[in-house]
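**Student:** The residues making up each chain are set out below.
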Amino acid sequence: MSLPPKSDRANLLGDDDADGARPLVTWQEPSPLAYEVVELPAVGNTHVKPSLPPLDMVFRPHFTDVPDIATPEERDQAAYQAAPAGANLAAAQERSYREARLQELLAYSRRIRRPRRPAVRRLETHWYQCIVLPFMAWRLLIGLSAGLALGTLLALPFEGNNLIPWHIRYLVPLVFVVWVCGYLQCILHGAVRGDPPAVIWPGRQFDVALRYTGWWAFCFLAGPAPLAMAAVLYWIHCGEMDFLDGLILVQVGVLFVSYLLFVLLAVARSQRLYDANPVRVAQLVHGLGYRSAVLIVLATLLSFENARYLLFAMELAHENVAGSWVLLTLYWLSALACATFVLRLAGWWTFRHITLRP
Amino acid sequence: MWNREAGLLFISLFLAEGLLMKMPHPVWYAVLGVAVLAPVGVRVLTWPAQRHVAVEPSMAEAGKVLFTHVWTPHDPLCNGGDGLGPVYNADSCVACHRQGGVGGSGGRDNNVTLFVRNVQGAPAMEGVVHRYALCDCQESLTNVDSSLPAITKPSLVSKGFVCGTPQIVPRAAPDGSGVVDVLTLPRGIQLSQRRTPALFGAKWLDEIPDNVLIALERKQRLRWAMAPSTAEDVPVGRARRLAQGRIGRFGWKAQSATLAEFVQAACANELGLGNPGQVQPQPLGKPTYQTVALDLTARQCDEITAFVASLPRPQERMPEEPFPATQAAAGKRLFHEIGCADCHMPDVGYVAGLYSDLLLHRMGDKLEGVGSYNQREQIPDPSPGEGPLADEWRTPPLWGVADSGPYLHDGRAATLEEAIQLHAGQAASASARFKRLTSVDQTHVVAFLKSLRAPQ
Numbered sequence: 000m001s002l003p004p005k006s007d008r009a010n011l012l013g014d015d016d017a018d019g020a021r022p023l024v025t026w027q028e029p030s031p032l033a034y035e036v037v038e039l040p041a042v043g044n045t046h047v048k049p050s051l052p053p054l055d056m057v058f059r060p061h062f063t064d065v066p067d068i069a070t071p072e073e074r075d076q077a078a079y080q081a082a083p084a085g086a087n088l089a090a091a092q093e094r095s096y097r098e099a100r101l102q103e104l105l106a107y108s109r110r111i112r113r114p115r116r117p118a119v120r121r122l123e124t125h126w127y128q129c130i131v132l133p134f135m136a137w138r139l140l141i142g143l144s145a146g147l148a149l150g151t152l153l154a155l156p157f158e159g160n161n162l163i164p165w166h167i168r169y170l171v172p173l174v175f176v177v178w179v180c181g182y183l184q185c186i187l188h189g190a191v192r193g194d195p196p197a198v199i200w201p202g203r204q205f206d207v208a209l210r211y212t213g214w215w216a217f218c219f220l221a222g223p224a225p226l227a228m229a230a231v232l233y234w235i236h237c238g239e240m241d242f243l244d245g246l247i248l249v250q251v252g253v254l255f256v257s258y259l260l261f262v263l264l265a266v267a268r269s270q271r272l273y274d275a276n277p278v279r280v281a282q283l284v285h286g287l288g289y290r291s292a293v294l295i296v297l298a299t300l301l302s303f304e305n306a307r308y309l310l311f312a313m314e315l316a317h318e319n320v321a322g323s324w325v326l327l328t329l330y331w332l333s334a335l336a337c338a339t340f341v342l343r344l345a346g347w348w349t350f351r352h353i354t355l356r357p
Numbered sequence: 000m001w002n003r004e005a006g007l008l009f010i011s012l013f014l015a016e017g018l019l020m021k022m023p024h025p026v027w028y029a030v031l032g033v034a035v036l037a038p039v040g041v042r043v044l045t046w047p048a049q050r051h052v053a054v055e056p057s058m059a060e061a062g063k064v065l066f067t068h069v070w071t072p073h074d075p076l077c078n079g080g081d082g083l084g085p086v087y088n089a090d091s092c093v094a095c096h097r098q099g100g101v102g103g104s105g106g107r108d109n110n111v112t113l114f115v116r117n118v119q120g121a122p123a124m125e126g127v128v129h130r131y132a133l134c135d136c137q138e139s140l141t142n143v144d145s146s147l148p149a150i151t152k153p154s155l156v157s158k159g160f161v162c163g164t165p166q167i168v169p170r171a172a173p174d175g176s177g178v179v180d181v182l183t184l185p186r187g188i189q190l191s192q193r194r195t196p197a198l199f200g201a202k203w204l205d206e207i208p209d210n211v212l213i214a215l216e217r218k219q220r221l222r223w224a225m226a227p228s229t230a231e232d233v234p235v236g237r238a239r240r241l242a243q244g245r246i247g248r249f250g251w252k253a254q255s256a257t258l259a260e261f262v263q264a265a266c267a268n269e270l271g272l273g274n275p276g277q278v279q280p281q282p283l284g285k286p287t288y289q290t291v292a293l294d295l296t297a298r299q300c301d302e303i304t305a306f307v308a309s310l311p312r313p314q315e316r317m318p319e320e321p322f323p324a325t326q327a328a329a330g331k332r333l334f335h336e337i338g339c340a341d342c343h344m345p346d347v348g349y350v351a352g353l354y355s356d357l358l359l360h361r362m363g364d365k366l367e368g369v370g371s372y373n374q375r376e377q378i379p380d381p382s383p384g385e386g387p388l389a390d391e392w393r394t395p396p397l398w399g400v401a402d403s404g405p406y407l408h409d410g411r412a413a414t415l416e417e418a419i420q421l422h423a424g425q426a427a428s429a430s431a432r433f434k435r436l437t438s439v440d441q442t443h444v445v446a447f448l449k450s451l452r453a454p455q
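Protein sequences appear in the order of chains A and B. For the first sequence, numbering that gives the first Met the number 0 begins at 0 and goes up steadily by one. For the second sequence, numbering that gives the first Met the number 0 begins at 0 and goes up steadily by one.
These are calculated hints, taken from the structure and not from any lab test. The C-beta atom is built at its ideal place from N, Cα and C for all residues, glycine as well. A portion of the hints provided could be inaccurate.
Computed Cβ-Cβ distance ranges for the label pairs, DEER-style [claimed, not checked]:
| no. | chain 1 | residue 1 | chain 2 | residue 2 | range |
| --- | --- | --- | --- | --- | --- |
| 1 | B | Pro122 | A | Pro164 | 43 to 49 angstroms |
| 2 | A | Val174 | B | Arg222 | 47 to 53 angstroms |
| 3 | B | Ser438 | A | Glu304 | 38 to 44 angstroms |
| 4 | A | His166 | B | Leu36 | 44 to 50 angstroms |
| 5 | B | Ala328 | A | Val174 | 18 to 24 angstroms |
| 6 | B | Glu336 | A | Arg192 | 38 to 44 angstroms |
| 7 | B | Pro275 | A | Tyr169 | 56 to 62 angstroms |
| 8 | A | Trp165 | B | Ala123 | 50 to 56 angstroms |
| 9 | B | Ala123 | A | Glu318 | 25 to 31 angstroms |
| 10 | A | Gln204 | B | Ala328 | 50 to 56 angstroms |
| 11 | B | Glu60 | A | Pro225 | 31 to 37 angstroms |
| 12 | A | Val231 | B | Pro122 | 21 to 27 angstroms |
| 13 | B | Pro122 | A | Leu232 | 45 to 51 angstroms |
If you want a taste of the chain B side facing chain A, the calculated C-beta under 8 angstroms gives, among others [what the hints assert, rightly or not]:
| no. | residue |
| --- | --- |
| 14 | Gly6 |
| 15 | Ala224 |
| 16 | Leu333 |
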């Protein structure tokens, strides 16, 4: 399915003479590939045409005494009768009419404020197109990152933080965490549903964000939490790290990141917390095939790099709070952008290769 | 860093190989499971266990003889060596380790003076200014720098000087009654003193596995949001890494990893008894002194070590009377509440009642102290991960603290209250909380500390 041709500029300018140029919008029966139906709003080109006033009244100021007559033939006849004697009325009338019409049309087109043409997004057809979404959401990501950085500094156990009331120390970070979970769940939900890429987040619907945060907490506790605890305990007690310790920690880290990702996918796909179980996760991994491995490697690499960056920023926080706030903001920006990309990609693959699979 | 990246590479290659081969799912899962579980299995089999070395009574008895023996030049127990000296701080182990019984701590009069010389035009070195010497080997501060007076037994009360700047060190009267004059040190010369530590329960410290100390270090970092050990505002310590990856746990700067090393270093530096683990020091004024032979054999060192290992551990003895017992119990609660237990942890591994984490902590510029027992030509860079910083001290175990005054590394604090108030750096917040306590509560904390007694 393709977009309508762009040759209908006369239509956009309101030229009624170009009869028949407006494309007909015909609804098609939904095909099994639902994402093709999504492309139908391409006809949206036509709805941005502003409604112009009657041009005949505007473009002939020297014929103001000519009444508004219904047909062009009657208008021309009246003009001929009102013109001075001896004038080459036919050529002059035609020339003045067209020039005036053109000038007024241009002036009018400059004066009016056209509504911005809504961006028509199409569902991704290649994996790398998912990278666009973090860039589309850059304003939101920067805002959330700055808030999360502030929340991180508030929640960290600095010696000076003891002077801050506890409800400020912990509720402010919690609010931002709730928003972030809500945003990421919206991204994941839209992707697994097959929606075209769009920046969606709960906004003022805090209850929705809170519900999504509850989902994330449940998904975290339903599998990744023991892995995270095991990794931390092992790191604490393993002594000086050697290759074997590093390998074990990497393995647990890969399991943690990948299981969390697939549990979230399973729940977002069915909208049921019941699906946060290993069987559903295994089915999802089977369904995605080799893409599961790609997702695991990608998510793990991005998570590890971001974790290293976070450790660096937290170490700096003990020496330079302002500098660390900037670093933490950049960290959260990086982490949220990576999460947006990975979740979009994972959801899109799930929709395309599992939901649409006959 | 390399380990992690290598692990990631391994996982990636493994996954890629599996994908290319298009293995069926059961095989794929089996191989993946083996790959995941094999490293864990190997690690479980090689997990370090706590060392339990039983002390042979005969070795301990022989070691007691050596420990209490008054050594003399060309001592008959020295197997052909030159015996005591040529420079030394005491003539027997028990001369210093005597408070609370044989093996206890020493008073301020037994302090050891350490120096660091890092001036232009002279080789950098560090070492000990010994109190006593034989014949013409007597050391004095003049041997450290020619501009210093020829003080042979310096009694320093070092307060408030900063490393790298000229120091004005008040010099105390020999009886500790007060400051008699001041000693101005030139730039590049630093002096510091160390008090004799108690040896009770040293075997328990020796048996703590290295990974327990590293775990303490990581727990503290995790608790304080991954703060580095160089932070001066939060109590995050670090385990001192010695050569070959061992973790130091004995000495004020955690400079010895095992009790045997600690004993051998003390025999050489304090008594001038050269042994297989540590040569005897060369006199500062006579660097050409020729050592005849080792004074102690490896077996004699083992015997002394066995005796020290046989010393019982200190105990927490609450007063029997109800009122003092209540005070001590309240003090114990306050001890934890005000944050003393962040570093003076009651239990380390399987060792209960230690009240130390055996990690290096920064204690502020008022408690700086440099120098090392070992004479070295090159002074190591005092950066984290290598030698300790000047204000880094190993948290001393508080078991037996009631019988080990005076306090702090050079005995500058006569009382426990003074010692707590002199804590700074990473312990500044706990010290400030102690100062904010009422006098009654402060008394309770001290009452608790006085219940930590040397073994009877």
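**Student:** Compare the structure with the hints numbered earlier in the document and write down the numbers of the violated ones, lowest to highest.
**Tutor:** Those not satisfied are hints 1, 2, 3, 5, 6, 11, 12, 16.
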